[in-house]
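Engineer: Based on the provided sequences and hints, a complete structural model is requested.
Chains as they are written, first to last, in the working numbering: chain A, 1 to 273; chain B, 274 to 441.
A couple of the hints might just be wrong.
Straight-line distance between alpha carbons at most 20 Å, and here's what the computed SDA-like set of lysine to any residue pairs gives [stated by the list, open to error]:
{"hint": "1", "chain 1": "A", "residue 1": "K200", "chain 2": "B", "residue 2": "S400"}
{"hint": "2", "chain 1": "A", "residue 1": "K2", "chain 2": "B", "residue 2": "L354"}
{"hint": "3", "chain 1": "A", "residue 1": "K180", "chain 2": "A", "residue 2": "L239"}
{"hint": "4", "chain 1": "A", "residue 1": "K2", "chain 2": "B", "residue 2": "T320"}
By construction, these hints were calculated from the structure, which means they are not laboratory data.
The lines below spell out each chain.
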Amino acid sequence: MKRKGLIFWLGLGVILLVILNLPSPASRALKHTTRDVLAPLQELASSYAQRFRGAGNAIRGWGGLPEKNQELQQEVMLLRQKLTELDELREQNFLLRQQLGFQKRQERNLIACSVLARDISGWWQTVRIQHDGSPLVQPDLAVLNDQGLVGKVSEVSGRTADILLISDPACRVAVQIGDKNVYAILSGQGLSWRGRVLCKLTFINKNIKVQRGDEIFTSGLGGVFPKGIKVGSIESVTLDANGLHQSAEVEPAVDLSQLDVVFLVAQKPEDLR
Amino acid sequence: MNRLVLWVSMFTCAMIQAVVPAWHSLGQAKAPLLLGVVLYYALSRVTLQVLEASILAGLLQDSLGPIPVGFSVLAFVTVGLLVNQFRDRVFGEHWFTHVIMGIGASVIVTMILYILLVGAGSRTGVSFSFVMSKSLGMSLLGIVTFPAVYFSIEKLDRALGNVNRGEI
Numbered sequence: 001m002k003r004k005g006l007i008f009w010l011g012l013g014v015i016l017l018v019i020l021n022l023p024s025p026a027s028r029a030l031k032h033t034t035r036d037v038l039a040p041l042q043e044l045a046s047s048y049a050q051r052f053r054g055a056g057n058a059i060r061g062w063g064g065l066p067e068k069n070q071e072l073q074q075e076v077m078l079l080r081q082k083l084t085e086l087d088e089l090r091e092q093n094f095l096l097r098q099q100l101g102f103q104k105r106q107e108r109n110l111i112a113c114s115v116l117a118r119d120i121s122g123w124w125q126t127v128r129i130q131h132d133g134s135p136l137v138q139p140d141l142a143v144l145n146d147q148g149l150v151g152k153v154s155e156v157s158g159r160t161a162d163i164l165l166i167s168d169p170a171c172r173v174a175v176q177i178g179d180k181n182v183y184a185i186l187s188g189q190g191l192s193w194r195g196r197v198l199c200k201l202t203f204i205n206k207n208i209k210v211q212r213g214d215e216i217f218t219s220g221l222g223g224v225f226p227k228g229i230k231v232g233s234i235e236s237v238t239l240d241a242n243g244l245h246q247s248a249e250v251e252p253a254v255d256l257s258q259l260d261v262v263f264l265v266a267q268k269p270e271d272l273r
Numbered sequence: 274m275n276r277l278v279l280w281v282s283m284f285t286c287a288m289i290q291a292v293v294p295a296w297h298s299l300g301q302a303k304a305p306l307l308l309g310v311v312l313y314y315a316l317s318r319v320t321l322q323v324l325e326a327s328i329l330a331g332l333l334q335d336s337l338g339p340i341p342v343g344f345s346v347l348a349f350v351t352v353g354l355l356v357n358q359f360r361d362r363v364f365g366e367h368w369f370t371h372v373i374m375g376i377g378a379s380v381i382v383t384m385i386l387y388i389l390l391v392g393a394g395s396r397t398g399v400s401f402s403f404v405m406s407k408s409l410g411m412s413l414l415g416i417v418t419f420p421a422v423y424f425s426i427e428k429l430d431r432a433l434g435n436v437n438r439g440e441i
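Structural biologist: Okay, here's the thing in structure tokens:
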């Protein structure tokens, strides 16, 4: 009897050790297969959840027609994108005239994806999206919606991708404060007790006047996030304990709790070669 | 049929757990539905079936999220075997048992995952107060979800003839 027990515990130990030490390709394959196989089920569950939320919104009086809303969101998104592009073009034109140089502007296209689910464990700030299997969907692509920056692609499987939200401490974004030519790094701070998304800007030069309400945009530095996407606005500014820099709390422009459709900023096909 | 119920309940609970929003004010706690299935098997079945349920639940949770494969498996197996030890000493069918076991299991699973995630460097910037509030949130959500999960699977088991009244 004692021997049987020993064999059981030894066997269990071996199984757990094998699972815990799965080689990286095997564990990635397991994750991707599970996600792809379960994607249709998740889509079904997600559509019911959306209907449930839509019904809740309608009851509360501020809901509407979800499909129309989604359509309008996409339209607003595209128009804002065009506007940003025009602004950038104007600025670029000015610089080109000044420098007598030429810099080809990157043409980016957006891939619309629906949100399937959120992180199942609650340890990360991620959402899972469904895509059409396009090779353009790759890790580290910027993700946005009609309100602003959502996050970046962290992992891609055949039909799904995980998006690391800007509220996650692991997500860092190179940003610019308004038109002040002040650059900083924005990092997620999770959620407050009241469920408010917190992001923080650190190491801002103490001699530059930064105030509540200043808007934050991606700076384009770092190579992941294209320039000019709205990230949020400054909520409060404090001087660091050592008195050398300023820090600021930022309220994201996007309501990260209400994500139904997001857009991936795809790279140019020639970038993939 | 036993295995069918196990797989159906696992996948259903995993789908719901992934879609249901987290409780932000309490450490982003998610309704611990997969843990509920593990507890059901721990309170009503023999050790081998508990292991099967724990490993499947862990693999599902790890595969559907950014947690490294095996972390949730270890947490669920530990809790499953621990609760299974007390199976003969408690009223397994009583809702109060589910509540008490659920609170304990939620806290243990959260702590094991915290130690593993921080120890392996997979998650940084997580404070201990966040983990405490997450444990509390999971326990509170567990108070509601564990009895519901237990009675739902039990009903399914009875309907399919896997168990008879008074057997559990």
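Engineer: Mind checking the alpha carbons of A/K2 and B/L354 for me, to see if they're no more than 20 Å apart?
Structural biologist: Satisfied, since the Cα-Cα distance of roughly 18 Å is no more than 20 Å.
Engineer: Holds or violated: A/K200 with B/S400, Cα cutoff 20 Å?
Structural biologist: holds, 17 Å
Engineer: Holds or violated: are the alpha carbons of A/K180 and A/L239 at most 20 Å from each other?
Structural biologist: holds, 19 Å
Engineer: Can you confirm whether the C-alpha distance between A/K2 and B/T320 stays at or below 20 Å?
Structural biologist: Since the Cα atoms of A/K2 and B/T320 sit roughly 16 Å apart, the hinted pair holds (cutoff 20 Å).
The earlier numbered hints are all upheld by this structure, with none contradicted.
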